[in-house]
Each structure stands twice: as C-alpha cells, then as structure tokens.
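Protein sequences, first through last, are from chains A, B and C. Quick note on this note's numbering: the first sequence kicks off at 4 and runs consecutively. Quick note on this note's numbering: the second sequence kicks off at 20 and runs consecutively. Quick note on this note's numbering: the third sequence kicks off at 416 and runs consecutively.
A hint or two may mislead.
To be verified - Within a straight-line C-alpha distance of at most 27 Å, the following computed DSS-like cross-link-like pairs (lysine-lysine) qualify:
| no. | chain 1 | residue 1 | chain 2 | residue 2 |
| --- | --- | --- | --- | --- |
| 1 | A | 29 | B | 460 |
| 2 | A | 29 | B | 446 |
| 3 | B | 507 | A | 113 |
| 4 | A | 30 | B | 460 |
| 5 | B | 507 | B | 522 |
| 6 | B | 467 | A | 29 |
What the hints assert, rightly or not - Simulated DEER-style distance windows between Cβ atoms:
| no. | chain 1 | residue 1 | chain 2 | residue 2 | range |
| --- | --- | --- | --- | --- | --- |
| 7 | B | 59 | A | 560 | 31 to 39 Å |
| 8 | A | 601 | B | 463 | 48 to 56 Å |
| 9 | B | 373 | A | 63 | 54 to 62 Å |
| 10 | B | 373 | A | 369 | 34 to 42 Å |
| 11 | B | 207 | A | 611 | 44 to 52 Å |
| 12 | A | 609 | C | 502 | 48 to 56 Å |
| 13 | A | 369 | B | 454 | 17 to 25 Å |
| 14 | B | 82 | C | 423 | 46 to 54 Å |
| 15 | B | 512 | A | 60 | 47 to 55 Å |
| 16 | A | 606 | C | 494 | 28 to 36 Å |
| 17 | B | 59 | A | 58 | 14 to 22 Å |
| 18 | C | 502 | B | 207 | 54 to 62 Å |
| 19 | A | 552 | B | 512 | 35 to 43 Å |
No wet-lab data here; the hints were simulated from the structure. Cβ coordinates follow ideal geometry from the N, Cα and C atoms, glycine included.
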Amino acid sequence: MENLVYIALFAPLVGSLFAALFGMQKKNAITGIVTSMLLFISFVASAILFNHVMTVGPVHVRMMDWIMAGDMLIPFGFLVDQVSVTMMTVVTLVSTVVHIYSNGYMDHDKSFNRFFSYLSAFVFSMMVLVMSDNFLGLFIGWEGVGVCSWLLIGFWYHKEDVSREVNPSISPSWAANEAFIMNRIADLGMLIGIFILYWNIGSLQYDVVFAALPNLSDGILVAAAVALFIGAMGKSAQFPLHTWLTDAMEGPTPVSALIHAATMVTAGVFLVIRANPLYSMEAVHWVSYFIASLGTFVAIFAASMALVNRDLKRIIAFSTLSQLGYMFAAAGLGAYWIALFHLAAHAFFKALLFLGAGNVMHAMDGELDIFKMGGLKKVMRWTYLYMGLASLALSGIGIAGIGFAGYFSKDAIIETAFNEHTYILWVILVVTAGLTAFYSFRQVFLTFHGNERYHEIGAHPHEMYTYVLIGMSPLAILAVIAGFFQDWFEHFVTALLPEYHMSEHTHHLSWILGLIVIAFAVGGIVLAYVKYNRGLKRNEKLEHSFVYKLLANQYYIPILYEKIFSQPYAALSKFSWAVLDQKVVDATVDGIGHIIKSTGDNTRKIQTGNLSDYLRWMAGGALLLVVIAFVAFKLSQGAN
Amino acid sequence: MDGILTVLLFFPLLAGLLGFVVNKDSIRAYGIAVASIEFLLSLWLWMSFDVSHAGFQFVENIPLVSDFGISYYVGVDGISLFIIIMATLMTLIGIVALNIKKDVKNMIITLLFLEVAMVGVFISLDAIIFYLFWEFSLVPMLYIIGAWGGERRLYAAVKFFLYTFAGSLIMLIGMLYVAYVYHSVSGSWSFAITDWYALILPLDVEKWLFWAFFLGFAIKVPMFPFHTWLPYAHGQAPTVGSVILAAVLLKMGTYGFVRFSLPMFPDASVLYITPVAILAIIMIIYTAMVAYAQEDMKQTIAYSSVSHMGVIIIGTFAMNAEGITGSIFLMLSHGIVSGALFLLVGSIYDRRHTKLMSEFGGLASVMPKYAVIYGIMLMASVGLPLTIGFVGEYLSLAGFYKISPVMTALAGTSIILGAVYMLNLYKRSFFGPVTNEANKKLNDLDGKELAALVPLVLIVIWLGVYPKPVLVPIDNSVRALTSFMHEKAQTKTAKATILVSKKNKEMK
Amino acid sequence: MIGLSHYLILSGILFSIGLIGVLRRKNLLMLFFATEIMLNAANIAFAAISSHYHDMAGQMFAFFVIAVAASEVAVGLGLLVILYKKYGTLDLDMYTVMRG
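Just chain A, with the same shape it has in the complex (with noise of 0.2 Å):
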C-alpha cells in the first residue's frame, strides 16, 4: 500500500516535470497525454487506496525528516485516511478531466506545454496539502497550491494592465498578484496558529496534537482556532479576503474548473474538517458558531453579487463563493461529514460547469459577457446538456430523496442550520437556495436560450471536439447520481469524522424542511425562465438603480481595498522612501560626516605654515596643560 501512496502522490509531480521539460518549446502533444496520463494513474491509485481504507483502514506512511531543530522534528508523513482520501480521489478524478480537458481547449495556445506543467505542480501540491500528516506539512501544500495558483492566473502574463471599467481583474498578472498577497495575508494567520500549536504541545503530528487538546487551556484553544481559521478563510476565500477569487477568473478556464471551484478554494474546509477535534472543543464553540455564521454570510453576499453580473464566468465564481459558505457553514455547525459531502459533490458539477462555460468561451471567440450571447443550444447540444445538469445540481433540484448531486448535500447542510436552532442562519441558507437557482439559470438561459446576440459581434460558434465531451462524462454522471452515496459515504467518513444526525424533532419535519427549500430553488427557476427565456429585455431604470450598481460592482470593495490600502501603502512607502530613508535617517548620518569634515575643514587653518604661529600654538597648548595639571593638583588636593 506504500508504494501506491507514493504513486498517488508523485505521479503529478513526475508529469508536472516533464512537461517542465519542454516548457520552452513549441506546443508538443505529448505532454498533455502524458500528463494526463499521469494523473490518471494517480486517480486509479488513490481509488484503489480508497477502497483499501473502506476495507482495511488507515496508512500512514513516513518518507524522511524534513526539519528539525531544538525539540522540533517535521517529518515528511503521509497520512491516507477517510477525509484524505476522499479528497485525493475527488482531487484526482476532477484533475483528470480537466488535463484531458485541456488538451482541446489549450490546443492552440503557444505555452501549451507550460501550461500542463503548471496544472500538474498544481495537483502535486494539492495532494500535499490533503495527505500530509502534520500541519507543516499542510503548510507545505498550503503554499504550493498559492504558487501554482499565481502562476496560472497570471498565465497569460503578456496582457496589459487596463482599467478597472475595462476589466475589473485589470490584468492576468495584477490579479495573479493579488490573489497570492491576499493568501499570503491568511498564511500568517496560519503560521501563528502552527506556532501556538507547537509551543504548546511541542509536535504538529494530527494524532499527537489532537490527543493533546483536552491538556490545553480555553485561551490558546480559541487563539489556535481563530489563528487556522484565518488561513483558512484565503485559501477559501471568505470576506474580507474574497476579491481575489473573482479576479482569479482571468486565468484559463479549465485553471478555474479546478483550481478556483473544485480543488484549492476548498483546502479552507478541508482544514476546518481535519482539524474537527479542535473546532468541536467546547471552549471554541463560538468560533464555530462565527465560522457558520460568516459561512452563511458569505453565501448569501456572494450569491446576491452573482444576481446582475455580466460575465459568465465571474458568476459561476460567485457561486464558488457562495457554495464555500455553506461548506463553512455545515461545518462550523458540527456537522463535519456533511460539508465534505457537498465539498465533493461541489467539486463534480462546479468542475462541470466551469468547463462547459469554457466550451462555451471557445465557441465564442473568448467572449464572456452573456448579453451578447443567447440561442447557443443550437450549436452546442452537449454543452447545454452538461451545464443545464449542473445547474439542476447546483440549484438542489429533486424531491423525495431522489435528485441531482446538490439536492441532498445542500439540503443536508440547510436542515442542519434548523437542527441547530440557528433559524436565522437557516432562512438566509434557504433564500440563497433561491438566489442560487435563479442565477444559475438566468445564466443558462441566457447563454442558450433566447434570440442569437452573437450575431452582432460577428461570433461563430461551434461544439467543442468530441473527445473533450466525452473526458466531461464523468463529471455529469457523477453530477446527477452522486446524491444517492450519501449514506454510504456517512458511513465510510463517520468512522473518522464526527457522527451528526438531526433530532427526532428535524427528523420529523425533514420533508416540509425540504418543501420549503425546493420551493425556493423552483421559484427561482421559473422566476429565470419568465425573464429571461424569450431573450434578453433590459430594463434600463434598473440597471441604473443604486442596489444593482452596488451589487454590479461587487459592493465597491475592490475600490474600497484600493482606496484604503494599496494606495494609502504605495504612498506611505513612497514617503518612507522619499522622506524618512533620505532625508531623515541618511541626512542625519550625513550631517555627523559632514560636521567632522567642516570642523576639520575650519581647523585645517590653524596650518598656516609659519614656525612663530606654530610655536605660539605649542606655548599656549604647554600654558594650557600645565593649568590643567594645576587644576587637578589642586582638586585632587580638595577631595582628600
């Protein structure tokens, strides 16, 4: 079983090196199929350890020392469990179809060997970050992903910075940038927690330190949760450190399939869910209750920013967002293995539907604004196909225990806000359950339905090739019938993760619970339908309305973070620069240089050359000694 984790988790690496080989050179087939290839082999080798942790259990594995130092020792572990290797799995098979995904869509970019060398760094560290056996070792991960995460945002480095009405990511590079500082912002965060941690039970081991948290006071417990959740809340992109996963989206398409919805984003629950012992300690119950809360927050926020955009791909982002809450919020609930459960079915049809609105954006010419599109089903059967199952996932369409993947993850975490007699969370889940459905298909149809806008700007589009339909299959399977799992994957999970289970009381209701949440989602369908299926009729008094100016321009927080930071920051280091470092600091030690050369300069005249000024000099230096001498004699004379 060893050697399977190791080829689980090297085997991106290997690819990723590969095709780092060619990465200078023109487009070279081989390295998409041999990276995903590659990735391949890791998907059949983390199912297979998957199917070993159902049948045996765990494995761990230690490969060799990494750091050590004083009493620290960070070993390089691996850890193949419920949680891990359910992410390795969901991890692998999503980055499975979007390599083979790429292969069609990057087929005539010129960095197209670069391009797969990055995606598999990508799955490299991200199968770090889920199988390591200690938080460093997370770290490691942690870190790799933000790199490979600004490298491939910023993939298209050579575009040029425009203005924020132009293009509210301004550029690739600028939101590559900012997305790596804002994460980097959460990872100190991070570190302190690590730091509280290890100073405190003198180990970041998962098994050692969750044994060792009954030891700890109330104090560090809540400073160690605080200080993880705020790493947590980068990676995931909670408020206030969403802006960048919206900018993310100038990246390629299949980069925010996997990256931006299915795999990294979601590293941030994955951390609350591995580190579950400490979230459940009585002593940080309320910051679980503020991690559902902001969760629950940031669903709606997000959700209602996704209502008026324009570019397909930001909204599908905003629904990242907002599907990240309601991860946050199951799991700041307590009920850790259901926001895994819609971690993974999430990752499926989010994956799938990035990758269709990536179909559709090459039929387009790599146009987004969904104004200009309308009646592409037409053209694009498939693609219709798959994003229509994925919005049916998304929305939680289905009834009666039967339905699409999102119906019983997203219920599941609705039902626990009730269970949890937080019934303000629980009406804000369930609105945005209506928001979601709405936007999602106001999206779809949109895009699909209606009179043909593309006309206008000359677009022809077309259906993406054939073999890249086919890689997308999965995904649309498993976005339908992933659902029905559920019990079989509580089971599996829960002998990890902590049990959950609705009272008797939620148990009762459960079906009016779920009349009320597909009410919502329906409402929201149909309300989509009636606007917009005919085609797109603007209503200019709206659009300029203040609430949908607000919410077009994501609540003016982007400007907002520039006016109060980065500007105030450029000019306080220009300051310090300009002012303090030159003309303070420098000028004072300048000044002492130039006050010993003046007094040298002033003395110097004392040389004049003539012997009688010298020996006056000297007469008076003797004169002068000698009523020192007289002096001290004297003194001296005093004090005894």
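Dock chains B and C against the given chain A, drawing on the hints supplied.
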C-alpha cells in the same frame, strides 16, 4: 587533517599573491581554479567534520604575542562551518560570473584577498585575530566598489568604509575592556573567546559591553537606523561586489551576535530582547515598504536584504534552539538567494545598462530562462516551502513566538510585505507586453551565467526539500550554545527565557 | 640669605624671557638665543633643586642639558647657514612652505 583551517585560510592568500605574476589572458581560469580548490577544501572540511560533536573542531592554537594572550587560535563548529562553505561558494560563483572588462586581474586578486578575510572572520576564535580579519575585509570591498563601481562609487565606498569602521572601533573598545576585565579577574591576559565565554561579568558591565558589541555588529548587519550605507554600496558596487556583500559580509554582523553577544552576555541579551526586537521589526516592515517604493531593481533587492536580515535578528534573539538554528540557516539561505538575485540583476544590467523597472516589462516573453530562474529565486526569497528560504524564516519566527507572540506576528508581516514588493518587481519587469523596443531582441542567459546560476538553483531546492544535512550540525552546536547560556545566566529572567532543548536536558 | 625660592624665581624669570623671545622674535638666530636662555633657566632650576635635596642627579642633568645645547647649536647653526644660503634671509615668516 590537522592544519586544514590554516590551509583554507592561507591558500587564497598565497594564490592571490601569485596571481600578480599570472598572465592577463589566463587570470580568469586561474581565479576559477583557485576558488574551486578553495571551495573543495571547504567541502572537505565538511566531510571530515564530526557531526555529533557540538564544540569547536580542527582547533589550532599558536601563541603570537604571549604576553598579551594574543594567539593564532582558529576552529569551526556547526555554526560557522556552513557560513565558511557559503563564503567559498559565493566567491567561486562570483568569479565564474565575472563580467567586467577593466582590470580583470586586479579584480580576481582582490576577490581572493577578500576570501581570506571572510574565511578568517568565521574561523577565528581569538578576538584580536577576529578583529583583524573583520577590518581587513573592508579593504578589498572598498577597492571593489571604488574602482569598478557606478557614478557615485567614491561616495558609496567611503561611506561604506567609514560607517562600518566607526562601528567596529567601538566594538574594539568593548573587546579591550573584556580583556582588561579578564586580566583583573584571572591575572593573565587572554583574547581567546573560549576563555571569555567562561568569564562571568558583573551585570552592569555586561549591559555596557552588550551595546558596544551591538553597535559594531548592528552597523554591519545593517540594522535600522544604521542601514543607509547599504543601498549606496549595493547601488554603486559592481555585480560581484553586491553578491559578496549581500551573501557573506552582512552575515558577519549576525554571526557576531551568535558568536559573541549571546554566549558572553546572556543576561544583557535577554534583558534587551525587546529593544532589539523592536528595531528588527521596524527594520522588517519599514525597509520592506522602502523596497516597494524603489524604481531601481537592484535597490529593491538591497532593501529586501535589510528586511530579511531583520528576521535573522529576530531568530537570533529567540533564545531557544529553534530560533537560533533558524536564524543561522536563514543566513545561509539569504546569502544564496540574495547573491543569486544580484547576479540576475547584473545579467540584465549588462544587456541594457539600466536597472530601472520602468525600462522593462514583458521580459518573460523575451528571456524565458532568465524569467524562470528569477522566479525561483523570488519564490525562495518570499519564503515558499520546499525552497531554502522557508526553513530558516519559519524556524526563526517559530522560535521568537516563545518570546512574544505579538512581536512575532508583526515580524511575520515580512511574508506578506516581501511578497508585495517582490511580486510587484516581477510583474513590472517580467509581465505585461514588451513595450520597450530595446527589450525586444535581448538574448537569454548565456552559458557563463547559467554556470553560475544553475548550481544556486539546485542548492535552493535541495536545501529546501532536504535541509537535514545542514540543519543537524548547526542544531547540535546551537543546542550546546543555549544550554551553555542557560548555565551561565545569572538573573532569574534570563534563566527562564533561555530554553534548553529536551535533548540536552537528557544528556545531563 | 639666598634660598631655593630665589633661584627658582630667577629661573622662572629667565624662562619667561626666553619664552617671550621665542614667541616675539622673527629671526631664527634670535630664536636660538631665546631657546638657549630657556635651557639655562632650566639648568639653574636643576642645580638649585639638586643642591637643596643633596641629590647629584639634578646637577648631572644640568651637564647633560649643556651638552645637548652645545650639539644643538652646532647642528642648528649649520642648518641656519644653509637656510640663509638658500632663501637669503633668516626671517621665519618667509618660510611658510607647508600650508594646510
């Protein structure tokens, strides 16, 4: 085996003197050969180094002025071993990458003399010998900046020399005073630092001496507010000068803290953690901001050096093995990474004769290899895990957390601010369209440059993934150091603050 | 009775005369004379104190000073002759060659 340190010290000296008679055309090959042999010698030192032994090894002690206890007393332990190897490596890399046209012969001989000084500083166990090499290192650097520098080279060279010289004079007075105290206590003169370690000083004397040594080291590091000589020196120095300056010469200051301040004045060191840490934090945040405001690529990297040195100081004053080991490892990683970054800036300067970021843009399209290596070094500089930069930074901050969580959080902003100015630099120079005509036909890195840079890239990744061979000897010596400090400390707070690691407690 | 203090006062007066001579005179030859006066002032003090304390060291020193003064005059006068030949004057203010 005995005498290897003497060979290591005098070989470049003799080779440098011989260099005067070497033919001008073959001086380059000669320089590379000498530096390679010296580097191999230092590797041999590592091979024959007894990893399990924490104290000084290869010790040689020959009295020079026995009446005053001055002797040729040298030796290495885990702390100095790798800094010596780095010094020989960076000299070799510097000579390989050398691309000046004027007076190549003088440059190579100067570099060899500089190597003598650097090796001398790190192997000396006698304060007078240490001081001699410490000051001697200024002369070749003065010459390098003054003779091959940019427009304001004389100003920069003189500033560098006088500033550091003034600081070290105060340190010299401190040294003489320690020797005087030693004489009045024991009745004989000695400048051997092992003797000084055993000397228990009165607390108020310790406090004064701490600041005397501090001034000498702090200017060298350079700590805020004594840092202003550095940007000028870097801005004006030729590439090889910047490489050696950043990689090795700055490390003398931080090495001095570990070698002198901590073991000699444990109580004062603990007492003054807060003021020193505040200076270091100002240095981290403030110089990171100044780095962000720079237009000149090389100035950005120069200020980033200062910022990173702040983290090293933080680690040194963590008073536990984690932090001090981390700070020493960070010295190595900072040496390698900043050396490589200066080499990279030098490459582009040779092509375009400018270092202003606004002149570039889109370099990644024109010079992909250059962009890749730059990118790797940049990631190492911002402390990405699995590169060399992470290990030291992480350990330093982790160690200091024990002293003060709040100050650690402030110092930790280095990972954010570092990303801000480095990514800004990278974006402005490498990303975006190629707007400047002059950049459209730039050549990518040539063989000579790759020969210098690729080994550094390999080290950056090797020591990031597997730092154990380097960490273990350092850690051994550092753990011995902390338990010694704990023993020696007189005040209760100092005893409580200086942590002895569990492994050393078991040994007793 | 002529006591020690009288000798010392005489010595002091002579020394002051010599010192003023050194400071005021511009002719090198005169400077030489003035220094001789100062040396002799010192000699008087040496001899007087020596006899007061019955210690021969002071008188020995006085002889030593006389010997030094003699050789100094010998060498110094030689230099003066060369200087005069070179510059045609012995005025101090004419020799301001080394200006700072």
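Hint check:
Between residue 29 (chain A) and residue 460 (chain B) the CA atoms are separated by roughly 19 Å; this keeps the pair inside 27 Å, and the hint holds. Under the criterion of a C-alpha separation no larger than 27 Å, the hint pairing residue 29 (chain A) with residue 446 (chain B) is consistent with the structure, at around 24 Å. Distance restraint check for residue 507 (chain B) and residue 113 (chain A): the Cα-Cα separation of roughly 65 Å exceeds the 27 Å cut-off, and the hinted pair is therefore not satisfied. Restraint check for residue 30 (chain A) and residue 460 (chain B): the C-alpha separation of about 22 Å stays at or below 27 Å, so the hint holds.
At roughly 19 Å between alpha-carbon atoms, residue 507 (chain B) and residue 522 (chain B) fall within 27 Å of each other, so this suggested pair holds. Annotation: proposed proximity of residue 467 (chain B) to residue 29 (chain A) holds, straight-line Cα distance about 25 Å (limit 27 Å). Remark: the range hint 31 to 39 Å for residue 59 (chain B) to residue 560 (chain A) is contradicted by a beta-carbon distance near 58 Å. Under the hint 48 to 56 Å, the C-beta atoms of residue 601 (chain A) and residue 463 (chain B), about 52 Å apart, fit the expected range.
Between residue 373 (chain B) and residue 63 (chain A) the Cβ separation comes to about 55 Å, which falls inside the hinted range of 54 to 62 Å. A hinted range of 34 to 42 Å for the beta carbons of residue 373 (chain B) and residue 369 (chain A) is consistent with their spacing of about 35 Å. Checked against the hint of 44 to 52 Å, the C-beta distance between residue 207 (chain B) and residue 611 (chain A) comes to roughly 50 Å, which is consistent with it. At roughly 24 Å, the beta carbons of residue 609 (chain A) and residue 502 (chain C) sit outside the given window of 48 to 56 Å.
Roughly 23 Å separates the CB atoms of residue 369 (chain A) and residue 454 (chain B), a value that falls within the hinted 17 to 25 Å. For the pair residue 82 (chain B) and residue 423 (chain C), the beta carbons lie near 52 Å from each other, so the given range of 46 to 54 Å is met. Range check, residue 512 (chain B) to residue 60 (chain A): Cβ separation about 50 Å, and the 47 to 55 Å hint holds. Between residue 606 (chain A) and residue 494 (chain C) the beta carbons are some 30 Å apart, a value that agrees with the proposed interval 28 to 36 Å.
Between residue 59 (chain B) and residue 58 (chain A) the Cβ separation comes to about 55 Å, which falls outside the hinted range of 14 to 22 Å. A beta carbon spacing of about 58 Å between residue 502 (chain C) and residue 207 (chain B) agrees with the range 54 to 62 Å that was offered as a hint. Checked against the hint of 35 to 43 Å, the pair residue 552 (chain A) and residue 512 (chain B) fails, with Cβ atoms roughly 60 Å apart.
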